[in-house]
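Residue numbers (the working numbering), protein chains in the order written: chain A, 891 to 1129; chain B, 341 to 1156; chain C, -16 to 146.
In short, the hints are calculated from the structure, not lab data. Accuracy of the hints is not assured; some may be wrong.
[What the hints assert, rightly or not] With a cut-off of at most 35 Å between alpha-carbon atoms, the simulated DSBU-like pairs for lysine-lysine come out as follows:
#1 B:LYS799 / A:LYS965
#2 C:LYS137 / A:LYS1065
#3 B:LYS1146 / A:LYS953
[To be verified] Computed footprint of chain C on chain A, listed as stretches where at least three residues anywhere in the stretch have a Cβ under 8 Å from a Cβ of chain C:
#4 1064 to 1070
#5 1088 to 1097
#6 1117 to 1124
[Claimed, not checked] The calculated label-pair distances, taken between Cβ atoms and stated as ranges, are:
#7 A:ILE1013 / B:LYS1071: 46 to 52 Å
#8 B:ARG733 / C:LYS68: 54 to 60 Å
#9 A:LYS965 / B:GLU672: 48 to 54 Å
#10 A:GLY1060 / C:PHE121: 23 to 29 Å
#11 B:SER1151 / A:LYS973: 22 to 28 Å
#12 C:ILE108 / B:SER1151: 38 to 44 Å
Even glycine gets a Cβ: it sits at the ideal position worked out from N, Cα and C.
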Amino acid sequence: MISVNQLFKHFEQGNQKIEVLKGVDLSIKEGEFIAIMGPSGSGKSTLLQLLGGLDTPSSGQVKIQGKDFSGLTEKQRTIVRRKDIGFIFQNYQLLPTLTVEENIGFPLHADGRKDKNNKEKIINIIKEVGLEGLEKKSPNLLSGGQQQRVSIARGLIHEPKILLADEPTGNLDRKRAEEILDLLSKFNKQRKQSIIMVTHDIFAAGYADKIILFKDGLIEKEVTREDHGYAEYLASFLA
Amino acid sequence: MLNIWLVSWRNLTKNKRRFFFTLIAVILGILLTTSMLVANNTVKDTFRYYEEIYAGDADYWILSKNYSFSEDEVEEIKQQSIVSDSLSVLDKQTLVEIDQPEAPAETSVRVTGVSDLESNLLKLPLTKGSLKGNGLIIPENAAKLWDKDIGDTVTFKGLGEIEVTGIVGFTSWLASPNNWEDAEGRSFRVMMDLATLQDWTNRDNQISYIRLQHKDRDNENWLSNYQELLQGTPLYVQPVVIDDLRNNDVEGLYSVFYLVSILSLFISGFIIFNMIYSSVIERKKEFSIMKSLGYTNFNVFKLVFIEVFLLSLLGTAIALPIGVLFADLFVEMLLGIFQDTMVYTLNWKSATILSGLIGLLFPIIISGIPMYIAFKTPIIYAMRNSNKNSRFRVRILRYLLGITFILLSFVDNYLGYIFLLFGVVLIYPAVIKALAKVLAALIEKILGYPGRLSVSNIKVNTNRNANTSAMLAISIAVVIFLGSALESIPSGFEKEIRQTFGGDIQVQFEEPVNEETINKINSYTEVESVEWFRETMVTWKTIENEFKEFYLMSTPSKNTEEYQLFEGQDNVTSNSILLGERAFDEWGGEVNDSITINTPSGTREYQVSGKVNTSQDGGYVGFISENEFKESFNWNDINTIMISVSDSGNPYELREKLNSDFATYISTITLVEDQIESSQSSFDGMNEVMQFLLIIVIALSSIGISNTLLMNTMERIGEIGTIRAIGFTTKQVRTMIIGEGLIVGIAGIIMGVLLGIFVIYLNSISNASAMHMPFIIPWSNIVLAITAGIFLSLIASIIPSYIAAKINLLSALKEN
Amino acid sequence: MTVKFTILGFLYYKDMHGYEIITEFNNLVQNQWPLNPGQVYSTLERLERDGLVESLGENNKGRIAYRITEKGKEALSDWITTPIKRPLLREELYMKFLLAGNKQLTGLEELINSQKELIIKQILILTDFKKNIDNKNFKKIIYGGLLHLEADLKWLEYIKEEM
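Based on the provided sequences and hints, a complete structural model is requested.
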């Protein structure tokens, strides 16, 4: 589904070259729910950005369903994003000028195709994320949890193969975070969508099938629930 | 103290692009104001200067109803102790031998002999050679066309040859054709020593007129003294008057100068307002925190005030010198329309000081509202949300006030337009919201989904977008209004000239024409018939008691439609006068009031019996009856004849014939076509100047649109990052921003066209307006405004759209 | 103590015999709270003795059904409305920390690490559990458990930082 091969990324800052990713290899299967954890600056967010084609690697490949992302033009990458990738952001990134339903419908409209099913899709997903009655509201009037629901609905409306979530619970309290995670986990199960989530929140990571631990631009370890010493390892890593 | 200046400077320049655009707006606004004011002063000065050097230091002149008179007749007058200086002048029409391929067979020239070439009563603007050489003085035009320089010899047919010793710049004394085509209808003019000319022409002691300078210059009694003295002789006196209205019809130009400077200030004001307002609103939280930390309201006010002051100081400092330079270029281009050898001195000081003051104060005044907002920001602002209810009330109040103002625009006064302006600005937010709704379907149809986003985005900063669109609307309205003004002139002017030209050809003779001449001309196959009228230059007084000068003309010898010189009144009784439109306006009185005129037979009062349309001297003339000339002035000679050309006759061939047959007698031959052409070309010139200025105004508006879109874009970087991340291509982002520009632009065009038509309508029903215009809708200008408006808003959107599309996705996503 | 009131709680809705009570209990707590069947029967007997429940006699399978009395309802109501007082500082973990910290006993770091491991394990267990059940009220219990774990984890991280 996704395979990452010897991924390098560096930034120039003045004369300094800052290496953020130092040769990451990774592969993610369909329907997997993956949490990426690691200290700040370890490169996990950069990896997510490269997976989403928001940025291009310095070298190496990101292949999505066998297609190499890095060889694509800006426009082609946008089209891949529009079709196959959904995003959820820590600060929701909703568009204040659009209503809740318009925000959710954005990825469907963006490719300019008019589809009779679009309306139905939007109504369905609003029901699924529990935002009935708020369709015409401006997102500014919603609570943080509700805004993140809008964001999830928007991330999933076009039924992407992969949902990329960057600290989706970072701005939420435990209760709302759990609700959002419940929702993600539900979609993961129902729609067999792969979810890749960068998080600091061990509770959030608890929902994932696999946890990828990042350190200094490299994958330190991948652990799954079935692995022996899973909790112990997490504990030591997070120490 | 230094600290607050530094803080303000940092705040001002924090947003570099916005600062740059705003600075450009300040600079362009002040630059245009400066150059318009400087151009205004300079053009006025220049015309006045040329009038003044024509008048020299003379106070009176004594002329004859005949071609010339003996200097002995005025010897006594010359010898009076009160006369400090005098200049005797003899004019002689002749032919000059020119060896140029383009020159016509006969090149006529008017030689003016003067008693003293260096006289203070003459003031020749020498550019080359000397006035002392006792040779020929020629103007630059002649030097160029004849290819003559100092030391070359010029031969006058049948008179003699003489060496060129001086070349002079433009002066009305020696106004000459600019090109050979022009030379068909009028003579070149040159100057030489009086004695030589008298000698050549065997007119010993004969002069055409004499100019006098008095010691007691302001004593008007001399006029009546001279009038008494010369009673019963062919001689008469006129005071020397400086009046540039006769030569230049440029009042309209001055209004355009003011209009352009007001408009450019207005547009740059909008841009400044938008920038300062946004910057203050963005920082309200900051201000409230500052206040909670001990800043007083005044401190915060001062902080913003200094920002605006720095902006205006920097902008003005840059704009003033460029403005003066620009004025220089502009005046050169402008005066070139009239006379390309005119020299001028930029009168920049007072205008620059005035513009400097405007430049410093204007942005501060414009920023009054934002500064007040900063001043009033409550301390607890940072902790609470704004009160929506009161905002709503303010909005309703604003709209009601706007509608009231628009209704007040029917007030028949200049105030009406000001009310209209403010009214439109006040209601504009409602207008742009409504228009955005109406246009939504169209924009979405053209631009697709990005267009729909543009429509929603317009609502984010309604006031800013509304201001920008209003600014564009007002510029477009002005373009359309001026278009209508220009269109109302040409639709009439050719017809008007033909109707009141008097025949098809006018010939002015140097000496009175006799029956023989008229018969001879009548016998040409091209000639249908010949008529004449009498004319003489007179001085007169406005109701403000100011001396002016124009041609007094008699009604034509046969006042038929073919020969009429004016329209609107059939005839004129003795003791009354009809004034051309411009003369009437300059005079300032009402019909049936009386006007004082210094006629060849003394000062007389005439009753103004009406205002008439005439193309003679652009309407700066008076008409009295033929009888009045004959009987009251004892003026029987005829100098000007009017020729009606037969249907098969070619007026140009006729002119050539006349030129060769009466070469040394004719001063000017004017074809109605010449007159039309010269009006057309000066009209075209004015039109060009106007269009040039309008382009600049429109360019300024486009900077306004760019600035607004840029601010809109910069404030939404986070959002743009998001829409890029979730599926918009860069092209779609660009389309979205261009869509916003289009909405602002199209709304501005729609409102501008409506507003422009409304202003034309208001003007057409107005009695107070200076420009009397019929209700003409200038369709071609409207089409131009619409195309230009759309093109302009597209151009203006391009930079912001590329900046938006270039935004780094990752840093944009971090913005929120 | 809790078993007594749990039984009263079940009987409040419906007359039941001991086996029924055990099945219902296991359902309610999703088998997360091991219950000794012997304790149920002995508690029932004690409740009957105190007059909080009354026996309805044996049925054909030899099972004795019980019914709650008015006195029993009162007691249940008292219990429900009485708040639970948790030990504020008297926790074993805190005591271990105090001892190790003050008395220079070694093993504090090991304690923190292993405690953290434990908490992470518990978080994973609860999260897993939460994913697999539908009972809304029980999800809320899990949520309560997660909140406690979050607090404990935060405390451990704080200790670790301070070391």
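To see whether the hints hold, each was checked on the structure:
1. This hinted pair checks out: LYS799 of chain B and LYS965 of chain A have alpha carbons roughly 29 Å apart, not beyond 35 Å.
2. Between LYS137 of chain C and LYS1065 of chain A, the direct Cα distance comes to roughly 16 Å. Compliance with the 35 Å bound is thereby established for this hinted pair.
3. For the hint linking LYS1146 of chain B to LYS953 of chain A, the alpha-carbon distance of about 25 Å falls within 35 Å, and the restraint holds.
4. Counting residues of the region 1064 to 1070 of chain A whose C-beta lies closer than 8 Å to any C-beta of chain C gives 3; at least three are required, and the coverage claim holds.
5. Requiring three or more residues with a Cβ within less than 8 Å of a Cβ of chain C, the coverage given for the region 1088 to 1097 of chain A holds, as 4 such residues are present.
6. With 4 residues bearing a CB less than 8 Å from a CB of chain C, the region 1117 to 1124 of chain A meets the requirement of three and the coverage assertion stands.
7. As the Cβ distance of ILE1013 of chain A to LYS1071 of chain B is approximately 30 Å, the hint placing it in 46 to 52 Å is violated.
8. Look at ARG733 of chain B against LYS68 of chain C: about 55 Å separates their beta carbons, and that is inside 54 to 60 Å.
9. Distance hint check for LYS965 of chain A and GLU672 of chain B: the Cβ-Cβ separation is about 51 Å, which falls inside the suggested range of 48 to 54 Å.
10. Judged by the Cβ atoms, the range 23 to 29 Å given for GLY1060 of chain A and PHE121 of chain C holds: they are separated by roughly 28 Å.
11. Separated by about 25 Å at the C-beta atoms, SER1151 of chain B and LYS973 of chain A satisfy the suggested range of 22 to 28 Å.
12. Taken as a hint, the range 38 to 44 Å holds for the pair ILE108 of chain C and SER1151 of chain B, whose Cβ atoms sit roughly 41 Å apart.
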